[in-house]
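Novice: Chains as they are written, first to last, in my numbering: chain W, 13 to 796; chain H, 19 to 194.
Honestly, the hints are just simulated from the structure, not real lab data.
Here the structure is a predicted model, which means the values were calculated and not measured.
A few of these clues could be false.
[What the hints assert, rightly or not] SDA-like cross-link-like pairs, simulated, lysine to any residue; straight-line CA separation at most 20 Å:
#1 W:K571 - W:A595
#2 H:K80 - W:A595
#3 H:K157 - H:A174
#4 H:K80 - W:I414
#5 H:K80 - W:V220
#6 H:K72 - W:G660
#7 H:K80 - W:K242
#8 H:K57 - H:T131
#9 W:K249 - W:A294
#10 W:K746 - W:E652
#11 W:K409 - H:R78
#12 H:K57 - W:G773
#13 H:K72 - H:E128
#14 H:K80 - W:R774
#15 H:K72 - W:A595
#16 W:K242 - W:E290
#17 H:K80 - W:I650
#18 W:K473 - W:R671
#19 H:K34 - H:P139
#20 H:K72 - W:G766
#21 H:K80 - W:E290
#22 H:K80 - W:A459
#23 W:K473 - W:V427
#24 H:K72 - W:D510
#25 H:K72 - H:G41
#26 W:K746 - W:E661
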Amino acid sequence: MLAAVRGTGSLSPWSPPDASAMTKPDDSPAFAAEAGELIGKIGLELAFVTPGQAASAAVLDDLFAELLVLLPATAPAALVDGVTAAAERLASVAGGGQRPSAATIALLGDWLPWCEEAIASWSAGRTITPWAPPTADAGAAVPAEPVAARPPVSPAPSPPPVAPPAALPDLPEMAVDVVPPDADPDLLPLFCAEAEDLLREIEQGVLVLETDPTDGAQLAALFRAFHTFKGNAGVMKLGVIQQLTHEIESLLDGARRGQLVLGREAIGVILAGADVLERFVAELGAQAAGSRPRGALSLPVPAVIEGARLAMLAAPSAPSAAPAVAAVPQVAAAVAPQPAAAVARGGAAPPPAATAVPAVPAPAVVVPEPQPAAAPAPGRAASRAAGGAIVRVDTHKLDSLIDLVGELVIAQSMVVQHPDMVASGDSDLSRAVGQLRGITSDLRRTAMALRMVPIRATFQKMARLVRDLAVQQGKEIQLVLEGEDTELDRTVVDDLSDPLVHMIRNSADHGIEPPEERARAGKQRCGTITLQAFHQGGYIVIRIADDGRGLSPERIRRKAEERGIVSSTAALDRREILELIFAPGFSTAETVTDLSGRGVGMDVVRRTIAGLRGKIEIDSSVGSGTTFTLSVPLTLAIIEGLLVGVAGERYVIPTLSVRESFRLQPGMVSTVHGRGEMVMVHGRLMPLLRLRGRLGTAAEATASRAAGADDGVVVVVEAGADVRCLLVDELIGKQEVVIKDLGEIFRDRTDFAGAAILGNGRVGLILDVAALVQLRGRQGEAAA
Amino acid sequence: MTDREPDAQAAAAPGKYLTFTLGDESYGITVAVVRAIIKLCPITPVAGMPPYVKGVINLRGKVIPVVDLRTRFGLPPRADDERTLVIVTALPTLSGGARLHGVIVDRVDELATFTAADIEPTPDFGGAIDIRFIQGMAKSGDRVTALVDLEGIAAAEIAAPGPEPIAPRATPASPA
């Protein structure tokens, strides 16, 4: 195949067939017939549905799910949106196990005829009227008239303004109307979604430009992103936003044509512009969704516009700077009172506002060689192509699919391991079973992959964070990202973000030294933070390494003693001392900065990571840097467990917490007076917890102590810096298990982290190692 | 243990009830909460729970807790036999959803329809008997069925799990 393709050199590049043109005539009638039937069923259900009954919502939910699946890819957007909107409305009710309100039922009653009409229109080739649900919120809110007149004060509690990057002129913010008066409610979410994509691209592009302000491909990509944004804003009649993007676009256009070079100030302006756009889009999304009252938002638009213009004038420019200035349109006059004048006096003397904040020296670079035609950014093109067909799915549905697949895997293994199956010599049967097993494991892999997302977006946030930290602290820091494509569970990604932010802040704040100090120490002025992700077993490992001053064990020890975290007589090795920084109430910072000293310490980081069933390790050497290593399971749904037998039952111990295991030998257990039993492991005494005593009946516990005191297997488990020996009856094996919630009745049973269905179909309880390790002096209680 | 209004229990609604037997006594629960009736299957015990929480079972891939009503009501224990069944019920949770619970009973009897005329308020047993979870008494023929407020039991369980079995009590109803 490959050879054949390569041989025919004259083949034109493959381009996707025009799907809508090719398939439309075939799709709509077939769909109309099937959909008609479904819509009939939905109508029937609707007629019988009684407000307040959960069961009927579930049936409707299923019918909608079928309808969504049925919708061909070529269906017109208006139809897809209408069906999705109704399905989502219902899913928000049915998915939560709630009961549909009369309002929801009435809404669906309105929706039904619309949907029939829409399908008929599609079949007949007519245009479809978009589905406009009668918004209940619209009635409650003030009617749409206030948009014409600009309210002077923003009614919406706007987020605290972002610390303006260095180069922004000091101009007052302005109130910007958020939802345009005649906005098409269907278009708003689309605009927001697209805007968010563009903003991500913009942020990433700017950070690349910071290292190489003449990167032609990035300049072009960035220019296009702002240009697209401007176009979209124009369609939505968002005049001010259009103007803002226009100014930045002009700046980028100049840079793209080689007429000027973007300095740090210019890049700061672009980032500030992106921030403004981000805040605007977030507010627009919230107001359009009705979660915020409609009104104006106060934004530093004049400052950004002015900043963009100044940057154009101030930027070191190639000979043809004049046309760039001339290209600045005068539309801004209406927005800010100042800009026109500022442009006029531009080049000669910078306005006073700009001189006030020269925190970062603008590198005066002369354009080495102008890039006339910008090459398209290959990365972006690829991501566009790959992202062509994305379906948004309710995570509840995804979770239940994954649950079911998990059960299928278990059911499959019960069939495969059934004695009759094993004994059967039928080769056809065993082939069929083998095939079943293969498909099941493929299915499971695919199902798990559905939840997986690359960690890229989280890493990229860190890039911005490091940049801001460096600027604000006058440090030079570069962030090196590795393995951004490493994938992990969506929910894990979300929870990892805060700990990462905290650790990066720590590294930038306390790890990396100021440039002068680095120079004195014989290091490069520019510090490096490396953020790396890779897979290892069922875990994702994230490593945050800096080449800063490192952690001093002596200082940590002293601080810990001062704060009463550890006694001055305790014998601790180096690793244990480093681990002290995770203790609650510990902070290595001599002074608390506004950035990292927000009252959360590394103990919160460790707790978050433990909550993800992961662990965090630290290594550091004075003078050459600190490395944090996080290991977190790829998914929260499945863990690898060590299966142990205790008092006739099987329990699961998460493998990540297991350090080692060995058979208990006579004489290993010693009783420390008043402190329970201890086991000598590698020359150290560790507390022993007899699980038979804790989990079995009282009689079993007593028997265990009296008779078989030295019988069983010791599993050494760790949670954080604490270690404990668990005595179990036997080791059974390792197994990947799907974690199930135990439910509210058991919420006070902290010994268990959940339950899992084992290979024999029975339920096995998953031990919560952190809880067991932290039991203090209570190991004998059940036996007593 | 619970602050439920005394009036709330008096209001056993007429309708269909699944009746079952514990010892010599007949009990009923509203069919609205019943999801399935299954044979007793291996139960995984959960250490540290009150004796009437027998543990958890695997119901087609779901892990559900199983409660022994006999122990819950303080009746003498009895060995399981082939007629011992688990009634799977959907009971409300704190978070507003519903969760499946298994209820172990000696024997499932029938699906009975009780009209308002059949149902009488739970008689006052003079304070000697815990009637918190009995919503009413339904007569049919010579048989009297105690209507159990499972939701109330579950709510009390969630509110204050712990070994607080209801004191052994006199027979609420028995065949004449």
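Novice: None of the hints should be skipped; say for each whether it holds.
Specialist: Hint check results:
no.: 1; hint: W:K571 - W:A595; result: holds, 11 Å
no.: 2; hint: H:K80 - W:A595; result: violated, 38 Å
no.: 3; hint: H:K157 - H:A174; result: violated, 27 Å
no.: 4; hint: H:K80 - W:I414; result: holds, 13 Å
no.: 5; hint: H:K80 - W:V220; result: violated, 49 Å
no.: 6; hint: H:K72 - W:G660; result: holds, 16 Å
no.: 7; hint: H:K80 - W:K242; result: violated, 51 Å
no.: 8; hint: H:K57 - H:T131; result: violated, 24 Å
no.: 9; hint: W:K249 - W:A294; result: holds, 17 Å
no.: 10; hint: W:K746 - W:E652; result: holds, 7 Å
no.: 11; hint: W:K409 - H:R78; result: holds, 18 Å
no.: 12; hint: H:K57 - W:G773; result: holds, 15 Å
no.: 13; hint: H:K72 - H:E128; result: violated, 25 Å
no.: 14; hint: H:K80 - W:R774; result: holds, 11 Å
no.: 15; hint: H:K72 - W:A595; result: violated, 39 Å
no.: 16; hint: W:K242 - W:E290; result: holds, 14 Å
no.: 17; hint: H:K80 - W:I650; result: holds, 15 Å
no.: 18; hint: W:K473 - W:R671; result: violated, 34 Å
no.: 19; hint: H:K34 - H:P139; result: holds, 17 Å
no.: 20; hint: H:K72 - W:G766; result: holds, 16 Å
no.: 21; hint: H:K80 - W:E290; result: violated, 43 Å
no.: 22; hint: H:K80 - W:A459; result: holds, 19 Å
no.: 23; hint: W:K473 - W:V427; result: violated, 47 Å
no.: 24; hint: H:K72 - W:D510; result: violated, 40 Å
no.: 25; hint: H:K72 - H:G41; result: holds, 18 Å
no.: 26; hint: W:K746 - W:E661; result: holds, 15 Å
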